[in-house]
Every structure is written in C-alpha cells, then in structure tokens.
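Chemist: These are the residues of each chain, in order.
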Amino acid sequence: MVGARPVIDRGTAAALVTSVELDHGDALFGFARRQGIDDPTAADVVQEGLLRLYDAIVDGTRVQDARAWVFTVVYHLAMDEHRRRRRLTSAITLAAARADPPTQDPVSVSERRLVWAEVDRLSERQRSVLYLRYRADLPFEVVGRVLGITSSAARSHATQAIATLRSRLATEVER
Amino acid sequence: MDERRIEDALHAGPPDERAHQQGALARALAERDQEQAGAIAFSVGARQRPSMSLAGIAAVVLVVALIAAGAWSGRHESSGASGAPGGDVGPTGGTALAPSPAVSAQATAALSPSPAASSAIGGAPLALVDRWLGPTGGSGGTGQPARRAVLDIRGVELRYGTDGHSPDGFMSSVAASGSEELTLTSLGATSGCRTYDEGRYRWELSPAGSSLTLAVIADDCGARAAALAGRWTHTACRDAAQDCLGPIEAGTYDSTALDLTGTGAAGQLRYTVPDGWANTIDFPTNYFLRPAADYRADPAFDGNDIVSGIYVWAGTLAAAQPADCSGVAANGVEASADAIARHFATLPGLVVGDRGTTSLDGRSARVLDLSLDPGYAGTCPWASGRPFRSLITMADGGQDRGVWGLGAGARQRVFLLDVAPGRVVSIWIESQADRFDAMAEQAAPIVSTFHFDSGATGQ
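Protein sequence lines, in the order shown, are assigned to chains X and W.
Under our numbering, the first residue of the first sequence carries the number 1360, and numbering increases by one thereafter.
Under our numbering, the first residue of the second sequence carries the number 789, and numbering increases by one thereafter.
Just so you know, not all the hints are guaranteed correct.
Some chain X residues close to chain W (C-beta under 8 Å, calculated; not the full set) [to be verified]:
{"#": "1", "residue": "Phe-1388"}
{"#": "2", "residue": "Leu-1489"}
{"#": "3", "residue": "Ile-1521"}
Just the calculated beta-carbon pair ranges, DEER-fashion [said to hold, decoys possible]:
{"#": "4", "chain 1": "X", "residue 1": "Arg-1514", "chain 2": "W", "residue 2": "Pro-1162", "range": "42 to 48 Å"}
{"#": "5", "chain 1": "X", "residue 1": "Asp-1418", "chain 2": "W", "residue 2": "Tyr-984", "range": "48 to 54 Å"}
{"#": "6", "chain 1": "W", "residue 1": "Gly-1137", "chain 2": "X", "residue 2": "Arg-1514", "range": "50 to 56 Å"}
Sample of chain X residues with no beta-carbon within 10 Å of chain W, all distances over it, derived [unchecked claim]:
{"#": "7", "residue": "Thr-1377"}
{"#": "8", "residue": "Trp-1428"}
{"#": "9", "residue": "Glu-1500"}
{"#": "10", "residue": "Val-1501"}
{"#": "11", "residue": "Thr-1509"}
Just so you know, the hints here were simulated from the structure itself, not pulled from any lab data.
From a predicted model like this one, the values you see are computed outputs, not experimental measurements.
In this text, a Cβ means the ideal position worked out from N, Cα and C, and glycines have one as well.
Extracted from the complex, chain W is given alone in its bound form:
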C-alpha cells in the first residue's frame, strides 16, 4: 500500500470507530446537579429515621439548608447572568445546560417542584433533548421529497436533516413557551426560512418518552412547519454514529434506511412490537430487532455481537463457500426464495427442517429451520476455530458485503420471500439452541406483523 493510500485511510479513520455521543457537557452538568439533588434526598431521608439523635438531625438540617441555598443560588446566578429577568433564559442562555432525557427527569424532579419551574431553565424541555427520527413529509428546503429525516434538539438549538445529509436545516433557537409548547426562531435564512421566522408547536411525548408528536400552532416558515409536524421516534441507538431506534415502546414502527426493494425509499418495513424490544441496526442492507435486555447486555459497542432476535436482510443471495468465507454469491443460484431454499438443502453440515410456506403480508414465504450437524467442523476466520457455515451474502453490500451464517450451538428459522423480481428478503429468527423455542415464540407474532412497502410512507 502506498503512502497516499495509507494517509487516506488514516484520514478516513477506523471503519468501526464509534462516534461521540453529543451532549456530554449537558450530561456532566446534569450529573453534577443530580449529585447535589441526591445529597438533598439522602439527607431528607435520613432525617426521618426515628433513631437519629437530635444533634444528628440538626446537622442534617443544616446540610440540607446549605445545599438548598447553594442550588438556589446557582440557578439564580445562571439566569441572572444571561440577562433574562425572572428566570426565563433566552435562546443563548442556559439551555446548553440541559441534560439528556434519562438524567433530566430525576434531576429536575429533585430540584424543581413543578413543571413550570423546570421549563424556566430555558430552551427545549429536557425530555426532548436528543435525536429523533421522523416523518418524511418535508423536503428540508431541498425541493425534493425526503426519504429520511432527523431532528436534533440540542437544548437551545434545533436542527433538521434529511437523507443522510448533515442536519443543518431549519437551524432554530428553541424555547419552551408554555406547557407542552415550543417556540422556534430561525437563526438564519436557510431551508426556505428567513432569519427570525418564528414558529409555535405543541409537543406530546408517549408514556416512556420514545415517541414525540409535534403539531403546528403557527409558523412564519411554511417549509419548517411541513417538515416538523408529525410523529418522531427517539433514537437510543448504542452506536452513536447510527440512527437505529434502540429500545422501543410497544407500538408500530417503520424502518428508515432499510432498502428491501432497491428503490432507496424510506419506510419499507413496518412492524409492531410489544414492550421489551429494540431496533439495533437500520442499514440499507439489514434491519435487526432484538430483545432490549439482550441489546443492553451485549458486550459490543453497538450491542450486536451476540446473536438473538429477528434479523432482516435485503437483497439476499446464496453465499458461495470460499475458504476465507468472504462474501461471494454462489454461482448458479438465482435470486429467488425457492432457489435459495433449495440451495441450503444441498449444503454439507447443515441440518434443514422444511416447514413449507407461510403467508407474510400477503406474500408466500419459504420457511426453514436450520442448525449445524454436530459433526460439522468447517469454520471461518472470525469463528475462533468453532464451526461456522456461511449461508447468504447481500446484493447491495458493496465491496465488503460480508456473509450471514450459522455458528455452532445456534438455531435459526428463516423466512425467504420474493419482494421484487430478483430481490429476496430473508428474515431470520435466531438464538442459541437452548433459548430458541422461547425466542421463536416471542418473535413469530412480530414477524407476522411485517408489512413491506416500496414507497415512502412516513411514520
């Protein structure tokens, strides 16, 4: 490799480098607040112990008084310094101090007795500060219908982006202008808005805070109103560089990046889950749904090293079996559900249980149960010498498309279905063998809700 190529690779960075989770300062300040609040809570709790001595009680009361005075003083000083009397901090005021939603609820509850008091911190309400994936009704000022939209609410600031472009559209300051109401003010003449265009929105969060609905009350900027109105889903992806949803509440969701049909449209997979599931990857080639507990416990940075859950692969092709297990399509196996199912039955070491066909979203799906023969010893470079059988590769995976396969000790149920000429979707329910029956029972009702759509439907 020449020097130029090495330098390019250095500039590009490690391929699996995780991004920084923005909002670290806000989290740090929230933690600091929480520590103070925790000290108060502890002290108050201790004061109620009947066995405590009077001297102890007096000491605790003194500590509480001192901390409370400090907390009040800190807040007073902060709002006073911003130049906004009465604690209402303007767009560039204290909102950058807003912690992330998870931390904020406790911190605010401890220090602020009422919702009105918490919103006096300024900027967006704390529960809204983060990234949201949302409706694709707007164009983000590009004039083209968006396929994918993200909304970054960063405390004092809101930004909007579409289709993988950096989110710098509709850059606006954010202020909580009332109970469940936001005021947005354009910070520049971009995306079809003029500087200082003001918009008022009503917001509503789902019970667990993973779904945000924005309704327009009034907005000087029509493009912003068209883009922001609708339902947004919180992204709690462990891989901060990606926009998978992470753990989700019970409900119906759409994929955004997954490209089952090769059309590039958003929302090609719609599904319904009960509580306790997580969307752990949403790439054009693959979409994963896993039990949220497994996702949280997974040791990998992106929570996807352990295989347990439902795995959807677009552009499925039967994999060849080169010694290095690279992602090469098998010669002579056409891209159809039937052909791939037949091919699996010919692979040495693979135990195939044919479950016939079932109907998924009105389409016929071939269903197979797969496991490795205990005597099979073939392996792949990443399997640490343990048996592994490559099964599929992906038509859209590019140069490093990889393979999906089956390791020793695991079981799979695969649904293969044709979604367009030459386009096969494969849906895999997989876990270690001892959990497989339970996993299949949990996953089957979710898979039965799968709806495939080649057009952008929004959320």
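Pulled out of the complex, with its shape left as it was, chain X reads as follows:
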C-alpha cells in the first residue's frame, strides 16, 4: 500500500539496535569521549543515540545504514553537549604509580599514549576523522556522511592530520 510504513515490532527493533550496540558500542563511546565530553556524558550520549535509533526503527523510519546513522546522531549530540559546556578536556589521563595490564598489541602502550595525546591537540574535525577512520574503522564515505562532509574532504583531513602527527612525533622523539 502506498504510504504505509513498514511494520517492525519492538522486539526486532531492540534486537537490531542491540546488535549495533554490541558491534560498535565501544567505538561510539570512544568517539563521543574524543569530542571532549566526560565519561558519564559520553555514556548518556551513546545511550540516547541508540534509543533514537530504536525509536526511529519502531516509528517506521527507513534506516539504510544503522551504523552510520547512530554515529551521526552521537556526533551531533556530542557536539551539542560540547558547545553547551564550552570546554575541552583531554581524554588522555596519564596513569601514575600503577602498572598497565600487559598488552598483546605490537604497538607499545607508551606509543599509543603519545600518539593519542597528539591527536587531542588536532582540530576537532581532524580528531573526529581520525577516530572514525582508524579506531571505529569506518570507510571514508561513511566518515564523511557522519560528519556532514564529502568523502574526499574526510580523506584530506585524515592525510593532513597524519602528516601533522608525523611531524610532531618526530620532534617529540628528537627532544
């Protein structure tokens, strides 16, 4: 029937959103955190993003790419929150006087800390692009959609950001 909305029951909608949460929850949370908001607020933002996705599906909204959809919502919510608070805190906290758990990663904890501390010094746009492209593993096309820019602009931001990091980290090592 023309104009009829697809009927998706609440259980199915919840299952769909839960699956998005299981697969992308960590990246969504980390992405929200890197917008400069604190842990509890980031958790609220992710929760709200998932709830909106659920409501949208139940409401019959055609969500083509749930992952991109929820990243976009989380981005906007985080930015709103950020603008409201007008403050940017570093997401990096240096652990003092306690050991990090052993890691299997080939990149050392120190290197990761160093790189991400520099990421926090980049512009908001570059920071977001790097997080979405590398940490959340989204293709540039989706990164662009989430941030409301073209995929080539997203790629360009990433290239510039990596170049900046390389230059700053080279200086860091020389010091």
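With the hints as your guide, set chain W onto chain X.
Modeler: Same frame as chain X, but now just chain W:
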C-alpha cells in the same frame, strides 16, 4: 615515529580508553519505563494528601488512569507484536528490552505487582542481566581446563567465555521458565552443544544480588552444564573494559587474573571481606580492595586514582630510582621479602618503622610501616612537583610496568612475603595519614584472611 607506526597506534586506540558499558538501549528503555512508573507513584502519593482539593484529586486520578492505560497498552502491544500470546515472549522477543539489574527492580516493582508478571517480559529475569565471573569447572568447549570464565547474560541471550577470549561460547537464548528457573536453548552448534540443545537451570541470587548460583536441572548439552553450574559473582567494575568485581557483599571471594606465582592459574588469592568493600582491579600484576564508598567517589573513570585500601602486587621487585621514575628493578636487590625490606631501609627520605614479622596463610611476612620524611623533596613526573618516592616495580609488568610508591601525606603498611622462589608478593595498606589508623584497623582483619593458592580452585 613513522606513518605505519602512527596508524597502528591509531587503530589500537588510546591505551586507557574505557569500553562502552553494554546494555545502553536496555537501560534507556528501563529509564523510560521508570519515568512512567515514577509519574504513577507521584500521582498516587499526591492523591493521599488530605489538603488536596476534589478537583485536584479528580485530575490526578485521570492522569493515573491515562498513564496506567498507556503502560498496559505498551506491554500488550509489545508482546502481541512478538507473536507470543499470553505475554510470553519468545527468545527473540522483548527481552532485549530488559533493563540492567539496578534499574529493573524499581521499574518492575512499580509496573508489575507480582514476580510472575515481571518474568512475562521474557528472556532472563532482569536481576540476572549483566556480566558474571564464575566457576572454572568447564572448558568452554576448548577441551582445556579454563582458568577464568565470564558469563554474559544479555537479556534474550547468554554467552560464555574463558581465559580472556571473547565470550561467544554456549551462545543460547534465555527464557525464564518458572520461578527462579531458566531455559537455555543453543543458538548454534558450538562449544560442544548442538543447535536447539535445551537446558534447564535453577538460579539463586544472594541478598544483594552480587552472587548467582546456577544449578543444573537438566541439559541436553553436557559441556554447557559442566561450565555453567556453580557460583558466579556479579561484576560491577567501574572500568567497563575490565572484570573486577566492584562493590561486593560480605563474603569470601577469589581473584581471577591475579598471578602471584607466575603460573597463570586463576583463584590465586582468596579472601573474606565484610560489607562495604570493593574489588577495584584484578590484573595479573595487581589486585586492589578498597572501601566501596571511596571507590564510588573516586574521580577517575576506573575509580582508582585516590589511594585508600589494600593493594596486592605480584612479582614485587625493589625499584631503582631513575630521574624519570620509570619502572626499573634496583640492581643488586634480590627478589626476596627480606632483601626488599632491607633495601627500603636504605632509601633516603623514607621513614621506615620495622614491625617485625607476622604469619599470613602460614607464611612469614615482613611488616613495615612507611611514610615520607617531611623534608624529602624528590618527586616524579606524575606527582605535580609534590614529593614521591618509588618503592617497587613488577617482574611481570612488561615494557610499561610502572612503579608503586609513596606520596607526600600518605602512610603505608606493607607486608612482604615469599610465595615461590624469586617471587615476592607485597600487600599494602595505604591511605592519607589522617585516615591511616582507621584504615589499618579495617584492613588488617581482611588481610589476615588472605589465602594464597597457585592452582585453579574455582569459586
């Protein structure tokens, strides 16, 4: 650093990035339910006020009726849509709507007058939805005895994992099949189970809900029955990426990851706590027990920035004193309790009170009281210019093993004991000086229950 290395670091993420606490949608929906329930409760309460006008009473009664109708309608619609008549929702039904335990009790109590009504939501009972650390009797289908087991009850779904592998074993749907009874149905042929293998379990929660006991009634899948039966402990770790226990009820608990002896076995530390304590870290290198109130109030994301409580370090080595305070073992100090105690006495700026030896779990422990000399000005990069003295580093800490030390204004009591050749365990009772005596009094009875075991004992 080259581009490849930078990209690898970006992929790996910030080292201290906190994980998302799964179940956000469930919590959001529970909060929404709770808001509706709260509106009902408020309205009912207001109705009982004697000074309220008749018109007001009528208005409130109308609001209550409308909200109650909406709530009923919502539940009716939900179960009807799932295709399960009579409100019994199947495995893929409304259970994903299950809120987390903390929220659920209130929400369910307000909307559902009886336990039977609450279980009609489907899936696992709300109080069970979360992560549990558990018995290590099963292998998770790997054929090897497990050292560490986690059970994720996610509403409609249950998953089991061992030894740090992602929990995707025994993937089963969950349904509450009666009062304190669960029915599990395998969702695939994994971990020694066949698809649709069904198991029935009786469950029992401790009074505060932090301990879950599962008993097998019957299970088509023997491997699942072996793995799930036993006592599981709720993980309420503030660091969602870790499986520390968080605040715990009075009782006896085992560590899981802590590796005192270097054997990798689970359950190497057993202890008994009264109410009011929290396990805040359980890593191979360290295990922390802190007053639950301090843990909850701590400003750090993982609740471990403020030092107050009992701190256990495995593979303790005396720390060298480089200017950058990096975790380097002191040259010429052997890994023994006596040698480390003697070394502490030689450190400038450290005030050492020798309390002799005591017996812990039948082993001799050297006991020292430590504080910084008020005139000591040495510091470390993280101490914001305040005095800090590195004391120990960890044999198993890897490249970034760090140091444990003493800051200005704090006091420590350290127990050093040999648990294996070349393996020293150090147990630190620490707090700010003004709280130290009270902390030592609270902590000493807990430390006296410490039992060290190199083998997997389960819980």
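Chemist: Compare the structure with each hint and give your call.
Modeler: Here's how the hints hold up against the structure:
About 4 Å separates the beta-carbon of X/Phe-1388 from the nearest beta-carbon of chain W, less than 8 Å, and the hint is met. For X/Leu-1489, the shortest C-beta to C-beta distance to chain W is roughly 6 Å, which falls under 8 Å, so the interface hint holds. Taking 8 Å as the C-beta contact cut-off toward chain W, the hint placing X/Ile-1521 at the interface holds, the least distance being around 6 Å. A C-beta distance of roughly 58 Å is found between X/Arg-1514 and W/Pro-1162, which places it outside the suggested range of 42 to 48 Å.
Take X/Asp-1418 and W/Tyr-984: their Cβ atoms lie about 34 Å apart, and the range 48 to 54 Å is violated. Between W/Gly-1137 and X/Arg-1514 the beta carbons are some 55 Å apart, a value that agrees with the proposed interval 50 to 56 Å. Look at X/Thr-1377: its CB is around 5 Å from the nearest CB on chain W, not clear of 10 Å, so calling it non-interface is violated. Every CB of chain W lies more than 10 Å from the CB of X/Trp-1428, the least distance being 14 Å, so the non-interface label holds.
Every CB of chain W is more than 10 Å from the CB of X/Glu-1500 (nearest about 19 Å), matching its label as outside the interface. Once the 10 Å rule is applied to beta carbons, X/Val-1501 is consistent with being away from chain W; the minimum gap is 16 Å. Annotated as non-interface, X/Thr-1509 keeps its C-beta farther than 10 Å from every C-beta of chain W; the closest such distance is 22 Å.
Violation of the numbered hints given earlier is confined to hints 4, 5 and 7; the remaining hints are satisfied by the structure.
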